[in-house]
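Generate coordinates for the entire structure from the input sequences, incorporating the hints supplied.
As they're listed, the protein sequences go chains B and G. Taking the numbering used here, the leading residue of the first sequence gets 1, the next gets one more, and so forth. Taking the numbering used here, the leading residue of the second sequence gets 294, the next gets one more, and so forth.
Mixed in with the good hints, there may be bad ones.
To be verified - Away from chain B, derived, C-beta distances all over 12 Å, residues of chain G:
1. Arg332
2. Arg333
3. Glu364
4. Phe455
5. Asp469
6. Thr473
7. Val560
8. Asp593
9. Lys600
10. Leu683
What the hints assert, rightly or not - For each label pair, taking beta carbons as the anchor points, the in silico distance ranges come out as:
11. B:Glu262 with G:Arg522: 34 to 40 Å
12. G:Asp593 with B:Pro41: 29 to 35 Å
13. B:Ser19 with G:Asn372: 54 to 60 Å
14. B:Gly244 with G:Asp329: 49 to 55 Å
15. G:Gly350 with B:Asn67: 58 to 64 Å
16. G:Glu535 with B:Lys169: 50 to 56 Å
17. G:Arg522 with B:Gly45: 29 to 35 Å
18. B:Ala226 with G:Gly355: 37 to 43 Å
19. B:Ser19 with G:Phe659: 29 to 35 Å
20. B:Thr229 with G:Arg522: 31 to 37 Å
21. B:Ala226 with G:Arg522: 40 to 46 Å
22. B:Ala269 with G:Lys365: 55 to 61 Å
23. G:Pro438 with B:Thr229: 32 to 38 Å
Think of the hints as simulated: they come from the structure by calculation, not from any bench. Model, not experiment: these values are computed from the prediction. Don't be surprised by glycine CBs; every beta carbon is placed ideally from N, CA and C.
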Amino acid sequence: MSIIVNKNSRVIVQGITGSEGTFHATQMMEYGTNIVGGVTPGKGGMTALDGAVPVFNSVEEARKKTNANVSIIFVPPAFAAEAIIEASDAGIEVIVCITEGIPVHDMVTVKKIIDANGTRLVGPNCPGIITVDECKLGIMPGFITRRGTIGVISKSGTLTYEAIDQLVKVGLGQTTAIGIGGDPIIGTDMRSILELFEKDEETEAVVLIGEIGGQMEIDAARWAKANMTKPIVGFIAGQTAPPGRRMGHAGAIVSGGDDTAEAKMRILAECGITVCESVADIGIKTLEVLNKD
Amino acid sequence: MKIHEYQGKAILKKYGIPIQDGLVIENLSDAEHVVDQVRREFNTEAVVIKAQIHAGGRGKGGGVKFSSTKEKALENIKNILGMNLVTHQTGPSGQIVRKVFITEAIDIQKEFYAALTLDRSRGEHIFMVSTEGGMDIETVAAKTPEKISKVWINPLVGMKTFQARNLAYGLNLTGDALKTAIKVFLKMYKCYQETDASLIEINPLVLTADDKILALDAKFNFDDNAQYRQNEITEMRDLFEEDPTEVEASKFNLNYIKLDGNVGCMVNGAGLAMATMDIIKLAGGEPANFLDVGGSANVDTVKNGFKIILSDDSVKAILINIFGGIVRCDRVANGVIQAVKELNLIVPVVVRLEGTNSVEAKEILFNSGVAIIPADSMQDAARKVVNAALGNQE
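Structure (structure tokens):
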């Protein structure tokens, strides 16, 4: 078991003929992801990844001919919002959008549409998702993961790798690791991932990595307090971030109130989450909560 | 991206929203004839002299002066133009005033607050108005939340007239003022949409003595992601209002924010960069900056990163923390060595490389003969760099 994607996911790559798309699609295929096609308007009829998969002009055509149910998007920011809507309208069930820099107004509109269509979107501006040894979608380095029982949720890329690395070093593997993205508007929030991990039989504990800005970690923690039986280890980046400054991620800006690292850490702890003060403690604390049970 | 009040008002005016109008000057030599022109053009005896900086709290800091006569106006311009204006938003070092806005004086009956921004948790736009204008909206929200009226706008539907009407009723307006306010709110939403604003705040929006609605101030924030399709807005960027080092860093696609400490850091990824700053603090040091080098940590990025970090004299040691996913650590290691050699670095550099080819990278660093302090984990790296900043030998 795992969440969102697995070895049965049939994946198309939107933007497969671009340099990013080609590079990462190749990596994903080597990892074992079942890539069944690609989409680049105007290049339908060609093949990609050294002839391994067909390229289509539209997502609709790709879905009809390959029976794809998952799409990963590597298209430039000016076209990415439309790419998400196209995939959603074509009936794709899970969309992962890696693209960084999509205008916020576009994403507010996209979010309304995918919610109405019932599509699951991960991202944008995210490293993607890995179900260990089954399916990798996005840009995470697959080799750092080990199959195991920990679910990982994070807003950022390299901090996710850091967490996975620490888990592996204390002997813990992962079920699924997911980077949900650091933009103000994203498709899938932390709370809904917690719900999925709670239901997933294989996952025994969850590592939740948040950062300053927004209320998502707090919503997730409150939900977990009421509904979650599995232990959660949490970390919030940005304890030293000054207010009012955007720290890289468009969403990582302290605007006063409950969105500081300090406030989030306090509320997470009140909700029964084991909070790491130092990023270096993520692995060891996870081991501790597992041994406690 | 932020803009000045006078630029914000020009945008509002373009959308047909009534403003307190005026003219801007940068040189003292223009003061006299522009004051004359404002008084003539806007049919006003008194004028208001308003310092143009991006930070708020200008009035309290002495950057906004009512001037009943021409002589007073000229005196106030002389005092404000070029002054170092300190407000609660500029920080203690303040901001030099390079432009002043000379505006018509308005007889005010009531002050309101109006703002449009994104409500992240609902994924919709939120339009807020309050009868408590001229005040800090956070204070109003905390103490008298009943004085704030809100509507949420679905982007697929757009703002509807009933929503604008409800806001206007929330301000207890009647007659022509009510009608104007409804139009102003609808126009504000159009403006917000079309300019890719992330915030429009009019504080105060006023009811004048002769029952007119008018924007006395204008604050805009724009979505940086949309700059590519907002050329007119992007041209309004005022680099003098931004930290020169941060502007320089952005030219190299580096995301840099200066902080007050003495431990510099260079990291790939925003989340890891923040976590690195945090662990430096936990180890007893103070981070000197946030620096995200992004997905490509090659020789040039590392070199430019060093230059940016070292332009801050207070930096006593530097930590490089790279988790190689797609980035190969051996390449980063070579980049670090080359940059350290070429730049003749004298501050101690602690390097922690993890991920793809990290074993090879450690060997490269060890065999280079360059005085780099290698570290194994984030904990180890933080301890070593804080020690190095204190001048302690390991």
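- Evaluate the condition: distance from the CB of G:Glu364 to the nearest CB of chain B exceeds 12 Å. 39 Å, holds
- Assertion that G:Asp593 lies outside the chain B interface [Cβ separation over 12 Å]: The claim stands: G:Asp593 keeps its Cβ more than 12 Å from every Cβ of chain B (closest is about 19 Å).
- Message: Is 49 to 55 Å respected by the C-beta to C-beta distance linking B:Gly244 and G:Asp329?
- Response: 39 Å, violated
- May I ask you to check that G:Phe455 keeps its beta-carbon over 12 Å from the closest beta-carbon of chain B? Given that every Cβ of chain B is farther than 12 Å from that of G:Phe455, nearest at about 20 Å, it holds.
- Message: For the hint 58 to 64 Å, verify it against the beta carbon of G:Gly350 and that of B:Asn67.
- Response: 60 Å, holds
- Item | Outcome of range test on Cβ distance (B:Ala226, G:Gly355; 37 to 43 Å) | 51 Å, violated
- Query: Is it the case that G:Lys600 keeps its Cβ farther than 12 Å from each residue Cβ in chain B?
  - Reply: With a cut-off of 12 Å, G:Lys600 remains clear of chain B, as the shortest Cβ separation is near 19 Å.
- Task: Evaluate the condition: distance from the CB of G:Arg332 to the nearest CB of chain B exceeds 12 Å.
- Result: Fine: 37 Å to the nearest Cβ keeps G:Arg332 off the interface.
- Task: With 29 to 35 Å as the target window, see if B:Ser19 and G:Phe659 comply at their CB atoms.
- Result: 34 Å, holds
- Message: Between the beta carbons of B:Ala269 and G:Lys365, is the distance compatible with 55 to 61 Å?
- Response: Since B:Ala269 and G:Lys365 have Cβ atoms about 57 Å apart, the given range 55 to 61 Å holds.
- Task: For the range 40 to 46 Å, tell me whether the beta carbons of B:Ala226 and G:Arg522 fit it or not.
- Result: Cβ of B:Ala226 to Cβ of G:Arg522: about 43 Å, so the range 40 to 46 Å holds.
- Message: Quick check for students: does the CB of G:Thr473 sit more than 12 Å from each CB in chain B?
- Response: 26 Å, holds
Going through the hint list in order, the structure does not satisfy hints 7, 14, 16, 18 and 20.
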